[in-house]
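*Asks:* Each chain, written out:
There are 2 protein chains.
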Amino acid sequence: MNQVSDFTAALARALPESAFRLSADDRRPFETDWRGLFNNASAAILLPGSTDETAQMLKLCNEHGIAVVPQGGNTGLVGGAVPIENSGAQAILSLRRMRAIRNVDPLNNTMEIEAGVILQAAQQAAEAADRLLPLSLAAEGSCQVGGTIATNAGGIQVLAYGSMRNLVLGLEVVLPDGQVWNGLRSLRKDNTGIDLKQIFIGSEGILGVITAATLRLVPRPRKSLTALAAISDPHQALALLRATQENFGSELTSCEYFGAAGLELVSRHLPGAVSPFANSHPAFVLLEVSSLDADADLAARIEPVFERLVTDGTLQDVVIAQNETQRQRLWALREALSEGERAAGGAIKHDIAVPIFAIPDVLHSIESGLPEIAPGARPNIFGHLGDGNLHVNIMPPEGRAIDLLLARATEITSFIEGVVVAAGGTFSAEHGIGQLRLKSLKQHRSSLELELMRAIKGVLDPKWMMNPGKVLNQGS
Amino acid sequence: MNQVSDFTAALARALPESAFRLSADDRRPFETDWRGLFNNASAAILLPGSTDETAQMLKLCNEHGIAVVPQGGNTGLVGGAVPIENSGAQAILSLRRMRAIRNVDPLNNTMEIEAGVILQAAQQAAEAADRLLPLSLAAEGSCQVGGTIATNAGGIQVLAYGSMRNLVLGLEVVLPDGQVWNGLRSLRKDNTGIDLKQIFIGSEGILGVITAATLRLVPRPRKSLTALAAISDPHQALALLRATQENFGSELTSCEYFGAAGLELVSRHLPGAVSPFANSHPAFVLLEVSSLDADADLAARIEPVFERLVTDGTLQDVVIAQNETQRQRLWALREALSEGERAAGGAIKHDIAVPIFAIPDVLHSIESGLPEIAPGARPNIFGHLGDGNLHVNIMPPEGRAIDLLLARATEITSFIEGVVVAAGGTFSAEHGIGQLRLKSLKQHRSSLELELMRAIKGVLDPKWMMNPGKVLNQGS
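The listed protein sequences derive, respectively, from chains U and E. The opening residue of the first sequence carries number 1 in the UniProt record's numbering; numbering runs sequentially from there. The opening residue of the second sequence carries number 1 in the UniProt record's numbering; numbering runs sequentially from there.
Heads up, a few of these hints could be off.
Any copy, or any two copies together, can satisfy a pair, since identical chains are not distinguished.
To be verified - Capping the alpha-carbon separation at 25 Å, the derived lysine to aspartate or glutamate pairs in DMTMM-like fashion look like this: (1) K349 / E140; (2) K59 / E398; (3) K463 / E449; (4) K439 / D130; (5) K349 / D195; (6) K223 / E307; (7) K59 / E307; (8) K59 / E451; (9) K223 / E303; (10) K59 / E449; (11) K349 / D317; (12) K439 / D195; (13) K442 / D177.
FYI, nobody ran anything at the bench for these hints, they're computed from the structure.
Bound conformation, chain U alone (with noise of 0.2 Å):
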């Protein structure tokens, strides 16, 4: 391949070694997946260590005709950041050299931070300034905070401080043919014309390579409260959020949801993690709230909430974290759901969001259909319950491998996705759409909607060199 040798003889000509690698050794690493679905060659691995150099790489791919796939800590679910088959050279632009931690001021509440600076090390310079990042995701210690701005990440403090679109003040972004736009100003109002970095968040790369931003930091609670509750149905759950939410606003900083088939994952697959309840139930809400009031009794707050709850059978019980320890086996129960549904063998994921009140139907009718698409397929749900945003993961039967439900796939999902968007709900609202749900994307968004984006698209990228095969396609 003349192209590539072009290139590549370019790039060694134009940076220095510790800028790119070639061997497919080398290479392997970057070309697959997280969730190993994907597992695609690339021409180049791109490592730059400034802005500078990721502007003259994408020139020279602009010039040689190489794709280019813009990766972060590659800890995506819908292959968002690893090649696609059958295309042209690719090469993927890893921004994990790009750690620089440009400033923290904590008068003004803002950092600015280069792309592939990992979400914990960023929560950390700003835990360090006495202020809060609040950004929290499963992934977080191993994802950049590129990819979090690229994919508009969001997690688990959403409720109380947003997406991460929410949190970007100012960005800085190389465009396809290497040219710099810096837009990193640190101001909370700016009303001036078309607000470009809007169109950079969430764009998983299509349209550029985000190499550092200004982000919004907030002051750190002093005091917070976990409680985990026992539910027999989400009808409950939303009624214990609603109640929560009219008392603490804001200060509810997480509302998750899981169900007993999670709990057994976890209790299976977690050393030690086990149900604080005595009895077993069909549902659970685990809940946090903060407070910057040092001096704050949250218990006495939220213990006549639960009580009122419990006493009007919405909870079927409830129990308060009283001490570090137990508030982080609470959390662990939630957190490791992932890792036992890996564990277990793995699921077809959806992540879904619906208005808040549609989320019991919208759960009966995933359990009641499901068994007629996909005979003993067993539903994993949970997420953000205060977001409306679940995660419906489908497990083959007990003691079957996933192999099994991976043919009934395309059924499975076209029917979870279906239901969703009958309610007025969404098939993507936190994962992206990746090259995993690009017919998603199509069947659910009107035509024109899919022709803005890609007239859009065609204005910042006209040769459609950026990410390929990413949420757009060209002709289609």
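Chain U is fixed; fit chain E onto it per the hints.
*Replies:* Below, chain E alone, put in the same frame as chain U:
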């Protein structure tokens, strides 16, 4: 003019009489902006009663080459909703007849409303469902929701709840060629490709006409406390902001700044407006904290903070409103600032934002540099301290007419914008560009940024017929 008479004849054939006005007398009230800065002729007033009628009108305008100027409550401060001079035929499309509140859903915490709903009516509809629509600004009695979206309005609660962008979950937009994009989703999370609604929010009518929206509501606070603090300089204002933010976070719902000049204007023009302080002071900060907890003792939480700040000399004095009447009196001082200024003969207005820490230096530079540029001119500086957003309004010397100053307007604005932009700030925080700030946008944004905005405009409005001469010009 054949073009216009052809258009109005087509209009009369296609639409009911209630949907347009053609006489000069009927057109006049729509042609002048609230400040009286701009007054240019329109070819027709379009008054759609529905999304369908809006679509028909845009189609007709598109076919006849008539430009469209969308207009909400016409309360903007930069001439964004009235025609420009010396352009071709322009029809003003007022949304005032589209006033349906389609639904308010207290379970999902959302409302779906048409663009022409007055902001105050929307607030009241939310209140009737025991919810808060957390956007509040001086013009709320006459501005329309569609206008607040098209301008990404801010106001006095941005600190806690964000600007309008943060409250919009879904949009319905009629494109320049009459196609309707229905993006009225009511979800907290929806990561499905490029987020089109973000492009329309804050785009000031240059990309299409917003006809309806789904907005996010929040629980209504059950308790609030309002206080006015007297300070001797802006450093102290920041110390006060920081201290209350650390203790109240998003429970600090307002933090407004004004100077002695503003207080004097208000006292002179607002019957009964008096300072609650015995002595005079250089500047003031109006604070409001709010809690969802009906039993919250906000005074007990804030008094120790105030005591500490009075003791260490940060605050000169402070009063806490003891009842609703006192609360309204304190707010009246802040809210009457624009009216007071207007009654005194007007001012050259600026709407700037800077990083919070830069406020004292920026104010100092402006106040010390101004006499050289406009001897005797009086700055009236006030605004949303917590957002870094101040209105830097320059009034003529005592007893002189504003005309004197208008001759120096370009120099004054250029000086103030220079100081602000050098400090990492913006020349338009919440008012937008309209026709007043086109030159500033061109001066202070990179050519790449302007080029990208123009390219996106070209995608959505290829004939450049939407709100011509606002925000961007086609050629440069």
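*Asks:* Hint compliance check: list the failing hint numbers for this structure, sorted ascending.
*Replies:* 2, 4, 7, 11
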